[in-house]
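Protein chains in written order, with the numbering used here: chain A, 308 to 630; chain B, -19 to 101; chain C, 1034 to 1237.
For the record, the hints were derived by calculation from the structure and aren't laboratory data.
Beta carbons are placed, not taken as given, at the ideal position from N, Cα and C, and that holds for glycine.
Careful, some of the hints might be misleading.
[To be verified] Pair by pair, the computed Cβ-Cβ distance ranges are:
#: 1; chain 1: A; residue 1: VAL327; chain 2: B; residue 2: ASP7; range: 39 to 45 Å
#: 2; chain 1: A; residue 1: GLN442; chain 2: C; residue 2: GLU1235; range: 37 to 43 Å
#: 3; chain 1: A; residue 1: LYS370; chain 2: C; residue 2: GLU1235; range: 55 to 61 Å
#: 4; chain 1: C; residue 1: SER1202; chain 2: A; residue 2: TYR336; range: 21 to 27 Å
#: 5; chain 1: C; residue 1: GLU1235; chain 2: A; residue 2: ALA421; range: 41 to 47 Å
[Unchecked claim] To list a few chain C residues with every Cβ distance to chain A over 12 Å, as calculated:
#: 6; residue: MET1083
#: 7; residue: GLU1090
#: 8; residue: ARG1092
#: 9; residue: HIS1125
#: 10; residue: SER1149
#: 11; residue: LEU1151
#: 12; residue: LEU1167
#: 13; residue: ASP1200
#: 14; residue: ASN1225
#: 15; residue: LEU1234
[Stated by the list, open to error] Straight-line alpha carbon distances no greater than 25 Å define the calculated DSS-like cross-link-like pairs of lysine-lysine that follow:
#: 16; chain 1: A; residue 1: LYS395; chain 2: A; residue 2: LYS355
#: 17; chain 1: A; residue 1: LYS475; chain 2: A; residue 2: LYS499
#: 18; chain 1: B; residue 1: LYS0; chain 2: C; residue 2: LYS1227
#: 19; chain 1: C; residue 1: LYS1126; chain 2: A; residue 2: LYS370
#: 20; chain 1: B; residue 1: LYS96; chain 2: B; residue 2: LYS0
#: 21; chain 1: A; residue 1: LYS463; chain 2: A; residue 2: LYS475
#: 22; chain 1: A; residue 1: LYS499; chain 2: A; residue 2: LYS370
#: 23; chain 1: A; residue 1: LYS475; chain 2: A; residue 2: LYS395
#: 24; chain 1: C; residue 1: LYS1227; chain 2: A; residue 2: LYS372
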Amino acid sequence: MFQEMVCNPVLAALNSGVIVIDDEYNIRYLNAFIERHGNLQLSEVAGKSLFNVFADLPEAWLKRKLMSVLDLNSPAFSSWEQRQYIFKLPHLRPITSSSQYMAQNCTMLPLATAQHEQPLICILIEDATDAFVYQQHLSRTLIELEKANRQDGLTKVQNRRYWEEQLKQEIHRAQRYQHSLSLILFDLDKFKDLNDKYGHLGGDFVLVELASFIGSLLRDSDLLGRYGGEEFGIILPDTGLEGAAEVAERICRAVADYSMLFNQQTIRATLSMGVAEFEPKQHFLHDDLIRCADMALYNAKRTGRNRVCCYQAGETDYHKKAN
Amino acid sequence: MALPVLICDDSILARKQVRKSLPESFDAEFQTAGNGLEALAVLRSQEIGLVFLDLTMPELDGVGVLEAIKAEGIDCFVIVISADIQPEMQKRVMELGALAFVQKPVNEDKIIGVLKQYGFI
Amino acid sequence: MNNLGFSEEQRDCLQEIINVAMGLASDKLARFLNTFVHLQVPSIALVGAMHIPEEFENRYQDAEAALVSQGFFGNEGVRGEAIVLYQMENAHKISALLGYEAGDVSEIEMLTDISSILTTTFLNGLADQIENSLSYSAPRILSSRHGNVADVLKNTSFHWEHALKVDISYQLIDHSFNCDMILLIPGEAVSNIKNILDRILEAY
């Protein structure tokens, strides 16, 4: 008697749903939580089929679960992470959650009944909307974090670490599928003078402007990254030396003709660019390809800047220094 | 006269459980075996009236013992005691000549029931 | 093997209880899956939980394996965490028997269902024999496909002192399904289990 006196109010106050059904899926009991959220009365639905009262239930799926509970006399579970909800019930966070229905963790338990009595199953429904909301925030944050992890903070192009990783992958692809692959390394000419003249803010402004302008000149498959200071790199998949040189020439001319407005002053800049093509027989590492493009870049600077130089097979570090 | 009875199970606990479930009124002389090979050694050398036989055992399992009893024409009654009570397994041991099949864990009710059914008590 | 201070009688008793629990579980499974389940004697070993990762490192090294954990707790201080390990290849075989069709449910749900059925049918059979009854937490995937089995186990078994390793092998007529079950048990639960075993031994 005492148990009944205590249990009923506890069941009514419980912030979880309790539904008891028999082995023919007819409702025997449901608590106030389900009555309120489902907008129904136990007196009206008692004895009725669970699947008629809750018309939206995934019937085949749920029956298989309930059958295993009865046959094996062991519990079955369902998590909101796999199935966001089983019972379409509104939740208590209509403003802060993007989901319309209560995310649920459900446990289906066999209830011990006396022999020869009809077997019963208790379905416990816990509101997991808060966890669902947190999880959504977390996934969004992780996506942003991953993006931030790949980006150069100032110019928003790929940062060096990520860009080099991409270069390694592209080299791997080029080797595997015998595609061509080229690399452009370029440098802003006399960047130090720009900084002296317009201040560091001006220098930064030029880097941001040019990175965005050059990005707009590239194909979707080309990968632009900031290699360091005022040095950038472009990976050009499926592109031979000649094609890459054309792209570099186009960029070089476009930048030379491009004027930027900073604090009511017009700034112009030029680039020195080095181009190299990936040679599977010579370049064993991505560093080898970078070194070749860097040598060509050096030659572009040495021969007067604002120009494109291509790496010629056979050039060596020694050559570079000797000249 | 006391009935010579062999209890064959690899588990000491299971052997004790069988022994303990037998009624006082059951006049028997007990021997035990820890696997199928030990059981066959006893069965080949002595007259045994009734065997309580486990199925899953090391060395030689209960099915192997039943096969040997049948092949060698050893004269004894066998009550199989096993946790594995799938219908296919029950059918198989019955075809091999077992008298009855009792599900583990055993208790007095189960053992007395089957002994009464076959007139041992 | 470290026997964690179990006497030979206690060990025999535990092995028998586990054998019977396996028998009960396989009978239930056979009826549920409508197939014959051939059962081998499960081998058990009691080990320090810290040795668990190395035990499984080799067996699951080159295979895609699933690890699913489920907590259990009963009366008399019986509690712990059950981990079921099996190869993904096996998971697809058993899911067909369970009536899942491709695309029917997510892979994760399939894995948690299989593990929960294996764990709870087995542990319920065990609990029945020691006149106990168990509650279970929802099954949780520790790892599937990706990740090193030994590393995942290292992170989990870290929280526990002892482990009861049960090697379970189900043979389903034409499909073979092998899995390992590890019962991780905290120190005080081990002595509780010893007390229960002693009580059973005393009764016989």
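message: Of all the hints numbered above, which does this structure not satisfy? Sort the numbers upward.
response: Hints 1, 2, 3, 4, 5, 10, 11, 12, 17, 22, 23 and 24 are the ones this structure does not satisfy, whereas the remaining hints hold.
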